[in-house]
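Turn these sequences into a full structure, and let the hints guide you.
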Amino acid sequence: MKPIFEIAKEIGILEDEIELYGKYKAKISLDLLNRLHNKKDGKLVLVTAISPTPAGEGKSTVTVGLGQAFNKIGKKAIIALREPSLGPSMGIKGGAAGGGYSQVVPMEDINLHFTGDIHAITTAHNALSAIIDNHIQQGNELQIDPRRIIWKRVLDLNDRALRQIVIGLGGPIQGMPRQDGFDITVASEVMAILCLSSGLKDLKERLSKIVVAYTFDKKPVTVADLGAQGAMALLLKDAIKPNLVQTLENTPAFVHGGPFANIAHGTNSILATKMALKLADYTITEAGFGADLGAEKFFHIASRYGEYKPSAVVIVVTVRALKMHGGVAKSDLKIENVEALKRGFENLQKHMETIQAFDLPYVVSINQFPTDTENELQELKKLVEGEGVLVAISEVWAKGGEGGIELAEKLIEVIEKNGKEHQELYHIEDPIEVKIESIAKKVYGADGIEFTSSARKQIEQFKENGWDKLPICMAKTQYSLSDDPSMLGRPTEFKITIRELKPSLGAGFIVALTGDIMTMPGLPKKPAALNMDIDENGKITGLF
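Residue 253 in our numbering sits at position 131 of the sequence shown, and the numbers go up by one each step.
You may find that some hints are simply not true.
Claimed, not checked - In silico lysine to aspartate or glutamate, DMTMM-like type, Cα no more than 25 Å apart, as pairs: (1) Lys274 x Asp360; (2) Lys326 x Asp255; (3) Lys563 x Glu551; (4) Lys472 x Glu501; (5) Lys472 x Glu458; (6) Lys161 x Glu538; (7) Lys521 x Glu230; (8) Lys563 x Glu509; (9) Lys564 x Asp590; (10) Lys617 x Asp569; (11) Lys124 x Asp138; (12) Lys503 x Asp454; (13) Lys198 x Glu128.
Said to hold, decoys possible - Estimated spans, in silico, between C-beta atoms of each pair: (14) Ala249 x Leu136: 32 to 42 Å; (15) Ile550 x Gln265: 30 to 40 Å; (16) Lys617 x Leu136: 52 to 62 Å; (17) Ile550 x Thr574: 19 to 29 Å; (18) Glu535 x Asp657: 42 to 52 Å; (19) Gln296 x Asn587: 32 to 42 Å; (20) Pro492 x Pro607: 26 to 36 Å; (21) Ala283 x Lys579: 26 to 36 Å; (22) Leu356 x Glu615: 46 to 56 Å.
Source of the hints: derived by calculation from the structure; they are not laboratory data.
Where a beta carbon is used, it is the ideal one built from N, C-alpha and C, also for glycine.
Next up, the structure:
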């Protein structure tokens, strides 16, 4: 690693704009955007993937390797990624920031407390929770109905025991007893707000719009009603500044913000992406999970509020994952199975059709694993080329930037041919039902949608409150194009059931919850945390 001060200087960041967090991490002042306001943006490349499987797709690894590859061929590139949550890191996934020779470093710091952003979000969120309960205890001037508080508490760990709790027990001086619960911090609206804000003023305005509860007369209560937005913004004054680190090949990387993609909008902060666009010829960013979740939300939510447009898309796929979509068990993935690969290809086809629907050029990246056979790789390449699409075999895990040069060159080729901007699949003025149906039919391939009776009542309520002219943020399983995680490949003849709607007015979208999606994950039988350790010299093992 180079000292981060050197990395910052090399890409044109001034000394006064760098706030060092040790030798290899820094926060970058928002003054940089004011200084470069009139500078033309570089090109934006979005990396997405097929529906994820336990076999792994390596979307972050390809993102990092691609950024390194652009720099290898003489193009000034910067990567923009999300910060990993401690919940998945210590749960089922383990650490996250790329892999092999395409990693963002210092990996240990990024996967642990990093610069404290997620802790700041946790504190700001829970400060609001404390203010709500104190308001009720001190006379409840706003007439908040304790049965209709929709603002849960948060923690950045997987802890299923906290999903449903009772607070305020112990008598009158301990507060008003009521039912409550915890979400994971990265599912907090405060996280989504931080990532969609254009600056401190916008952050404070967005925080003020958060709906936390309803009165006894069923009127919404906001943060502005409680007067808490100033204190919350104050707690986030440093967290809003993007973090700068580097890859193993010293490619600059902004790692900032981390909203979940199956619950929230699933991409890094607008501020980090805007900084990268001002400083680089090419910015490589990623969206969470498959194109059905991450890319769709990137185009409809992040791009809209960030006021930037992707120039091209990369769809990451692996032979292993397609074999799983074709019916192969994880334990049998090392065995060559071209027929299963062909069956699983339909999942990739659907994601390709989704990107085509947005009218964007794209390249398919086959992220190569050591167990892939030459027959399987060539068959997959042939299947993609048969669709008239450019494809590149990526070896960035094993070779770093060198293994992504073919992908970088093909991206430049499609970008230079493209003169269009992406199309959205619905109009913001469309009714809520129409927007949800557009996503379900055009992106998931569903036959239609069904609403529970409570969801229909919520839609009417949202219309009455004037909340219906916002983009939709679908909360759906990442494992399937449907809302049933067991339906792999390309499901057909299914409907999406909307069981609940939540207003995220601060973030600027409406959350539509489907299936059994959880906003507080649980730990697996053997959490990754049990493999983690540190010795007397500070050497960390088992984190990734």
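Point to revise | Numbers of the earlier hints that this structure fails to satisfy, in rising order | key: none
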